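S.K.: Take a look at the letters that make up each chain.
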Amino acid sequence: MRVVIAEDLALLRDGLIRLLQAHGFEVVAAVDNGPDLLAALTGQRPDVAVVDVRLPPTFTDEGLQAAIRARRTVPGLPILVLSQHVEQLYARELLSDDTGGVGYLLKDRVFDIGQFIDAVRRVAAGGTAMDPAVISQLLAKHGDAGPLAQLTPREREVLAEMAEGRSNSAIAGRLFITDKAVSKHINSIFTKLDLPPSNDDSRRVLAVLAYLNQ
Amino acid sequence: MARTDHRPANRFVLFVWSLLLVAHAAASAVLTVLSLAAASLSAIWVGLPLLLALTRLLRGHAQTHRRLLGHLLADGPVPDPGYRPLPDTRLRTQMSVVLADPTARRDYIWLAANATLGLTLAALPLTLLAHAVQAVLYVWLWRWEDSWYALHPVAGQSDAYTALVTATALFALFWLLTPPAMHAYALLNRRLLAPNENARLAARVEHLATSRAETIDAQASEVRRIERDLHDGAQARLVALGMSLGMAEEMLAADPDLARRMLTEARETTRQALTELRDLVRGIHPPVLVERGLEGAVRALAITQHLPITVDIDLPGRPADPVESAAYFAVAELLTNAAKHANADRAWVRINHGRGRMVVIVGDDGVGGLDPDAGTGLQGIRRRLSAFDGTMSCVSPQGGPTIVTMELPCALRAAPQAPPAG
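Chains as they are written, first to last, in the working numbering: chain A, 1 to 214; chain B, 1 to 422.
It is possible that part of the hints are untrue.
Computed, partial: chain B to chain A, Cβ under 8 Å [stated by the list, open to error]:
id, residue
1, R84
2, P85
3, R261
4, E265
5, R271
6, L274
7, V288
8, V290
9, R292
10, G296
11, I303
12, T304
13, H306
14, R355
15, R357
Distance ranges between label pairs, derived from CB positions [said to hold, decoys possible]:
id, chain 1, residue 1, chain 2, residue 2, range
16, A, R154, B, A218, 41 to 49 Å
17, B, G246, A, T73, 48 to 56 Å
18, B, E250, A, D14, 22 to 30 Å
19, A, E157, B, A320, 23 to 31 Å
20, B, G283, A, R174, 27 to 35 Å
21, A, R174, B, G399, 44 to 52 Å
22, A, V74, B, L252, 25 to 33 Å
Note that these hints are calculated values from the structure, not bench results.
Because the structure is a prediction, the values reported are computed rather than measured.
Backbone N, C-alpha and C fix where the C-beta goes; we use that ideal spot for every residue, glycine too.
Required output: the full structure, derived from the provided sequences and hints.
M.R.: Below, the structure written as structure tokens:
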């Protein structure tokens with residue numbers, strides 16, 4: 001799988017290259033600034049890109065802007081954005097084109113290498129990987145009123161996992177329950193939140209996030 | 001700023017004004033004489049209380065005059081020079097306040113000038129007109145007083161008619177001199193009554209000294225907080241991390257299971273240290289503010305708040321970083337207030353810029369009753385804004401709504417250009 005990496009700190013960039021190469025990815029470009037990133041994304045058309053939000057030359061949100069712009073040229077170009085902090089505003093902007101294949105994670109999620117690689121693969125496959133910090137903020141914002149209040153604690157756990165972008169079997173694995181139980185919870189959540197059931201992973205996440213973002 | 005000119009143009013209206021001003025100038029003359037008497041009496045005890053009472057009287061007299069001049073001057077009443085309040089304490093303290101107040105000293109100078117030069121100028125129209133009228137009347141009056149006018153004896157009626165020439169000349173002088181005399185009077189008084197540059201600068205320096213002291217205090221305590229947070233948080237965690245790694249290294253051969261557990265622990269410690277650093281950074285300067293400026297940061301803030309917030313921002317550029325930061329933290333504090341204490345259903349933020357100042361308005365439909373002097377949060381905002389000469393005003397009646405308006409003088413720099421595509 002061909003991957004582009006954008007990270008301005010050499011130490012972290014080398015770490016990411018080593019990490020991804022160790023898991024069978026082919027790093028086709030590793031850049032350290034916004035313009036180079038945009039060129040690499042539109043020129044190389046990688047299977048997935050891992051991008052830092054803040055990049056030179058402006059040291060603002062160059063990485064995010066380059067990602068959004070590249071996805072305008074190449075719709076659905078899978079991009080996983082990493083950041084030292086997460087903002088719902090950025091999550092919303094990344095998800096706004098509705099084509100899936102996006103991820104937005106805190107940088108420290110790379111500590112759990114298995115889960116990080118899983119998130120990269122999920123995004124490459126057109127799925128979604130949202131940081132738990134974004135999801136918990138959204139849940140907290142809507143938690144005390146409305147239909148979310150009707151959910152059981154287990155259902156809220158399942159909803160959080162689902163909003164992060166995990167498939168049924170992955171949720172089952174993480175919560176130590178059966179696949180069947182997961183789909184039962186999900187059906188119940190869809191009914192309570194008045195969301196149309198869907199088998200498509202990324203559509204499912206978008207529906208959940210759209211509801212939570214209301 | 002454009003202002004309607006209320007100055008009287010008609011000479012007879014000016015004449016009536018001059019009568020009023022003669023009365024005022026005469027009062028000044030009386031006060032001058034009394035003050036001189038009191039000053040010479042202050043060698044014995046009775047002079048001091050008299051001088052104090054006269055000073056109070058003089059303040060009222062000068063203030064009335066400042067308002068009165070507004071009718072004669074194109075730019076309105078003379079601004080208040082800002083008197084030092086007189087303490088209700090011992091005579092000696094009051095006296096020292098009066099003596100130290102440069103405005104009081106300037107008032108006495110004005111009093112003396114108004115009693116002499118001012119009185120002359122104000123009385124000029126009256127004097128000229130009175131003499132003109134008297135000259136006209138003399139055409140008939142000469143029979144009873146035949147040697148008084150024009151300093152030579154009047155022989156007959158034809159001789160008396162020459163008085164009309166004098167009357168015409170006097171009336172022409174009245175006609176020509178009344179406007180410049182009144183103008184000169186107004187200018188003289190304004191020059192002496194208006195706060196001078198020194199007084200204005202003194203007030204400005206006082207304000208700057210206070211706000212600087214507050215800013216330094218706030219910054220020092222902020223630095224202490226950051227130091228404490230780093231010392232107790234991230235630093236301690238990094239030490240623990242190093243220990244865990246060292247022990248894991250030792251255990252690697254003897255007890256691989258334990259080593260693995262310690263490594264997991266180390267990873268968790270690193271994550272906690274990062275979370276703490278992240279919160280700390282957010283408290284110092286939120287990253288989203290760096291990345292998106294005030295507009296983006298306030299929008300990001302509005303998304304995360306627990307109540308619906310309408311954001312309406314019109315900023316053609318970015319203010320300086322400290323101003324931006326102060327405005328952001330003020331908005332954050334006020335929105336948190338709205339959600340937490342005001343029990344609001346919705347809130348709104350409006351920011352725009354014009355005439356060299358940024359105006360930030362935060363409102364909510366909550367229960368109101370916000371007291372800007374009570375909460376430490378609001379006082380903190382005010383202190384932070386005052387460092388930039390900013391102001392905050394708050395309207396919050398019981399029952400709501402609450403509207404807080406902040407004004408920050410600042411220039412905007414052009415928004416950074418988006419990087420070129422391709």
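S.K.: Hints first: check each against the structure and report whether it holds.
M.R.: Hints, one by one, checked against the model:
no., hint, result
1, R84, "violated, 50 Å"
2, P85, "violated, 51 Å"
3, R261, "violated, 16 Å"
4, E265, "violated, 12 Å"
5, R271, "holds, 5 Å"
6, L274, "holds, 5 Å"
7, V288, "holds, 5 Å"
8, V290, "holds, 6 Å"
9, R292, "holds, 7 Å"
10, G296, "holds, 7 Å"
11, I303, "holds, 5 Å"
12, T304, "holds, 6 Å"
13, H306, "holds, 6 Å"
14, R355, "violated, 29 Å"
15, R357, "violated, 26 Å"
16, R154(A) / A218(B): 41 to 49 Å, "holds, 47 Å"
17, G246(B) / T73(A): 48 to 56 Å, "holds, 50 Å"
18, E250(B) / D14(A): 22 to 30 Å, "holds, 27 Å"
19, E157(A) / A320(B): 23 to 31 Å, "violated, 46 Å"
20, G283(B) / R174(A): 27 to 35 Å, "holds, 32 Å"
21, R174(A) / G399(B): 44 to 52 Å, "holds, 49 Å"
22, V74(A) / L252(B): 25 to 33 Å, "violated, 46 Å"
Figure legend: structure checked against the earlier numbered hints; hints not met, in rising order: 1, 2, 3, 4, 14, 15, 19 and 22.
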